[in-house]
Each structure stands twice: as structure tokens, then as C-alpha cells.
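Residue numbers (our numbering), protein chains in the order written: chain E, 1 to 189; chain C, 1001 to 1399.
These are calculated hints, taken from the structure and not from any lab test.
We put the beta carbon where it would ideally sit given N, CA and C, even for glycine.
Just to be clear, a hint being listed does not mean it is correct.
EDC-like cross-link-like pairs, simulated, lysine to aspartate or glutamate; straight-line CA separation at most 16 angstroms [said to hold, decoys possible]:
#, chain 1, residue 1, chain 2, residue 2
1, C, K1327, E, E73
2, C, K1351, C, E1120
3, C, K1263, E, D33
4, C, K1327, E, D70
5, E, K179, E, E115
6, C, K1327, E, D57
7, C, K1382, E, D70
8, C, K1379, E, D111
9, C, K1263, E, D57
10, C, K1382, E, D72
11, C, K1138, E, D70
12, E, K179, E, D111
13, C, K1263, E, D58
14, C, K1351, C, D1062
15, C, K1351, C, D1289
16, C, K1263, C, D1212
17, C, K1379, E, E31
18, C, K1144, E, E73
19, C, K1382, E, D58
20, C, K1379, C, D1142
21, C, K1382, E, D69
22, C, K1144, C, E1380
23, E, K187, E, E81
24, C, K1327, E, D69
25, C, K1144, E, D72
26, C, K1119, C, E1352
27, C, K1138, C, E1352
28, C, K1087, E, D33
29, C, K1087, E, E31
30, C, K1263, C, E1079
31, E, K134, E, D160
32, C, K1138, E, D58
33, C, K1024, C, D1142
34, C, K1327, C, E1380
35, E, K149, E, E174
Chain C residues, not near chain E, derived (Cβ > 12 angstroms throughout) [to be verified]:
#, residue
36, I1005
37, S1058
38, L1076
39, E1150
40, I1154
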Amino acid sequence: MNTIRFWYLYLDSHPGTAIQSTEEFSLNIGETDLPGIGRKFEVSARSGDHLVIIIHDDGRRELYRLNPDDPDESISIATFEDDEARHLAGIIGGMTYQPKALETIEVALDDLVIEWFKLERDASCIGNTIGDLKVRQMTGATIIAVIDKGHQNHLIPGPDFPLAAGSTLIVAGEREQLKTLKMYLQKGL
Amino acid sequence: MDTLIFEVGLAIALIAVVGVLSTKLRFSVIPFYILVGMVVGPHAPHFGIIDLRFIESSVFIDFMGRLGVLFLLFYLGLEFSVGRLIKSGKSIVIGGSFYVAINFVSGLLLGWMMGFPLKETMVICGIMTSSSTAIVAKVLVDLKRTANPETEIIMGMIMFDDLFIAVHISILSGLVLSGATSWTGVLFTSLTALVFILLFIVVGRRLMPWIDKVLNVRSSELFLLLVIASLFLVSGFSETLHVAEAIGALLIGLVLAESAHAKRIEQLVLPFRDLFGAMFFFSFGLTIDPTSLGGAVGVAVVGVLLTILGNLLSGFFAGHASGVSAKSSVNIGFTLVSRGEFSIIMANIGKEGNLMPVIQSFAVLYVLILAVIGPLLTKESKTIYGLYQKVANRIRVRQ
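So that you can see chain E by itself, here it is in the shape it has in the complex (with noise of 0.2 angstroms):
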């Protein structure tokens, strides 16, 4: 269970794992100059979240949300001093903690390819069974796990096994199939 946790969180923080990030990897990053002040970054990530980076002249961060009432005001969330912020983009970038999942996400034996993948919130498989979108006869691959949003497992779904947002598939194929899978869960065909 342990290991799945890793796994779950290793999904989460590298987006290039995503199910349709294989295409598309880009965070909305906008930039701004506030002179005498420093440089202000606005990140919206694919999760909706909205996040605001000030870098100040004097090397401090500091960290804010936009409030969702008052799109007028922004919340502080934290600041750090400039070493502190270094520190965390370490950890943040996953420099200091190599996750459990890059020893394992590629497990091949031959042409056969396991992997993880988490369902974003917008594929337009969510809400369909495992067997409404006749997954092995489009893609040739197959799903062998489901881990849940609870963290819940579920060992071989049946047919019947309806696709949920933010659960996490494991799946089994060759690298095209594989492909084709994340493409068609995401996007149908």
C-alpha cells in the first residue's frame, strides 16, 4: 500500500506522466515585471489551481492564491527567504527525494510495458464501464488495476466497472497500445 501512496504521489507531481500530458506538457505560466518590486509569475495548472509567484529584488518569495470570492484580492499563502525557496523547488522538483515510481514505472519484460496513469478530471471516458468503451478490442491493451480516489484497490475490474475521476489505472500493453489507450480515455476516439 505503501508503495502505491508513492506511486499515487509521483503521478500527481509530474505531470508528464498525466494521461493527456504525453502530447501536451505545458503549465500556463505568465509573466510580469513589477518594477521596484520584483518579477511576478501566474501559474494555472490543468488541476484549476491558480497560483501567483512574486520573486522579490531582495531574493524573498512569496506564495499567494487567488481568493475565488474577490478575484480583486489574493491570499498570502507563504514566504520564504531565498535560501528556504531553493530548498523547496528541490524538493518540489523532486531533486532531494527520488521517487519510488521512476525505478518501477518502467516495467517492460520484453515488449510488454506497465504503467501507472491517474484520470484527469475532463476525460471523456469518466462515468463509462471498462466494458461500455470496449477497452481491450480498441487499443489491445489492458487494465489491470484501479486505485481509487479513497486509495481503494481494485484487482482485475470486471466489464462492468465504471472509470472515475482522479483514480489511478494500471495498465497493460505494448508502448502503442499504451499510447492509443491514454488518447482514447482522454479524448474517445
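Model the placement of chain C on the given structure of chain E, informed by the hints.
Positioned in the frame of chain E, the structure of chain C alone reads:
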């Protein structure tokens, strides 16, 4: 007995003490530096070695203050970037133009109302149109508003205002300092200044690769010497052309801002700016007789009211041009109200030109009031806007 060093130490200690005090009270330090300078001086008591009259050291304190102006403007030039201003967009230019125009007109209005001559009125326009970059930036950081949408607009407008400060100081130095009496004389010196400024910037840009190469030294000691030498040489040389040394400092700052070493120079100069800048405010206070302030209270209060109204109006225009909410527009207006270092520099030009002393007294009171209530208005802008909305609603209901 030579007590020069002790006296200068005493001055710096006084500045430091009021600095700590005002920071504790969460006020801007600038008016407090001026006030403490004003309280001591020739009329102050002396006990043995502690001589608060600063007679022996006044020349040296004055000189350090002069250096303070150079460093303040050098830093302003370093921070300023033409490219950044061009990139900042139409809404900043519109908002900034309104801001400068409205405040300038309120200066003209005040000068006219008080019956001041032209030179005095122009200095007052300068005092009233120069926002304090230092106070505004500090207040926004303290209030944790740096991420707000209107903050970009505010800092952009301040940068636009800095451009006005540069131009206005050149005009003022032609008008007030050159000693020219006729219109043609004033025009001639102002034109000389303008040609010198343009030439300097163009040549500076051309020489950039060479400057970068010369400044490419690892030793921070040599780097410092090179930078300070160029600052002093250019400022001093400007003075010989009847271009104020402050403008020279600004110019070399503007040129070096484009250099690859700009960040290193900024970090290097900052402590000098802080030390000598504080000395400048102190020495400005030293020259003012506190009893003369009474005569300027009326002018200062009218000036403050004009500035607050004018800034609300320009905040409205700037907010409108960039499409932010009415509440953010009020924020913009109130945040820009703070006045500080550059207003005092403008008043200092008036002092050097031997203009009416009431200008200095006005500047002290005006900066004192706005440096204190500016940040308060900024902090409470939400409450004030809420009150305004309540009143507006009531009027609407009654109609």
C-alpha cells in the same frame, strides 16, 4: 579639540534611533529623518561633548547629503528601463499620463492660488507630482498586495512618473539653477541640458560593449571603484555644463542599467544609497527652522487635499483604461498618494536656487502628512470604498 567624527557619528546615531522608532510605529522613515534634522541644528542645546548644533560638521553633513541625492538618482536610473516602459502597455501609458497631468495641474493650481512666482510654482509642481517609489513599494509588500492585479498598474505608473521626475529635474535645473534671467536664457540652458542628455544616452548605448568589457572584473573592490568613479565624473562634468549633477547621476544610471552588470551595480550601490540618502534627508531637515513651518500649514493642507483628490481621479482613469474593478481603481489612487524622497529632491533644487523658503517648509509638511497618511489610506482603501458604496447606494435609493 576636533569633534568632527563624533558629531557625524551623533548625526547617524540620531537617524538610526528615529529610523528604529518609525519602523516600530510602522511609518515611513523619510519624514522622521527630516524631522530629527529639523529638531536639532543651530538652535538646539549642547551639553559638553554632545553638541546638537552640528556647527563644525554641518558642511560635511551637507556634502554627504549631496552624495545622497546622487546615489538616489543613480539608483533611480539603474532601476529604470526604457524597454520595460515601452513593453508595459497602453493602459500604463494612459494611466501614467493622466496621473502626471492631473498632479501637475494641481501644482499649478496651488501655486496660482497662493500667488507664487513661476519658478516657485514649477518647484511645487515637481514636489506634488513625484510619488515615492520607496514608500509605495514597501507598503504594497507589507500589506501583501504584490500579487493583486492592480499592483502591476501601480508600479508601472510609478515608473512612468519616474520618467517625469527625470525630465522635470532637467527643466527645473535650467529654470532655477542656471541663473538665467531671460526666457531665451532659460530656454537655451534647458535645450543644452536636453541635447546633453540625449547625446549621453545615445553614446552610452553605442559604448555598451566596451563598458561591459571594462566592468568585467572579478575583484569587487575594483568594480566598486570603477562604478563610483564614473558616477562622480559624469555628475561633476554635468555641473560644468549647467546640467544639474543629479541629472548626471541619473544619466549614468540609465546607461549602466542596460549593461550586463546592472544587477551587480544595483546591489553594490544600495548600501551607499541608504546611508547617504538618510544623510540627505537629515541635512535637508537641518537647514529648516522649525518655527518657519507654521506659515506653510495652510498651503500644505490645501496641497494634500488637492493631491488626494487628484490621485483618486487618476486612479479612476488608470483603472478604467486597464479594465480593473472600481475597488481596484480606488486602491490605485490611494496607493499612489504617498510622497517622499523625490519631492524632497525637488524642494532641494528650490533651496539651491535660493527660492522662497516657504517652499521648503511646504515640502516638509506636505511630505510629512502624505508619507504618514498615504500608507494609511492604502491600508484602509477597502473600508473607504465600502463607505463610499454605502453612501452611493443610499443616494440612489433616495432618488
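Which hints from the list above does the structure break, by number from lowest to highest?
Hint check: 6, 8, 11, 17, 19, 23, 27, 35, 38, 39 and 40 fail, others pass.
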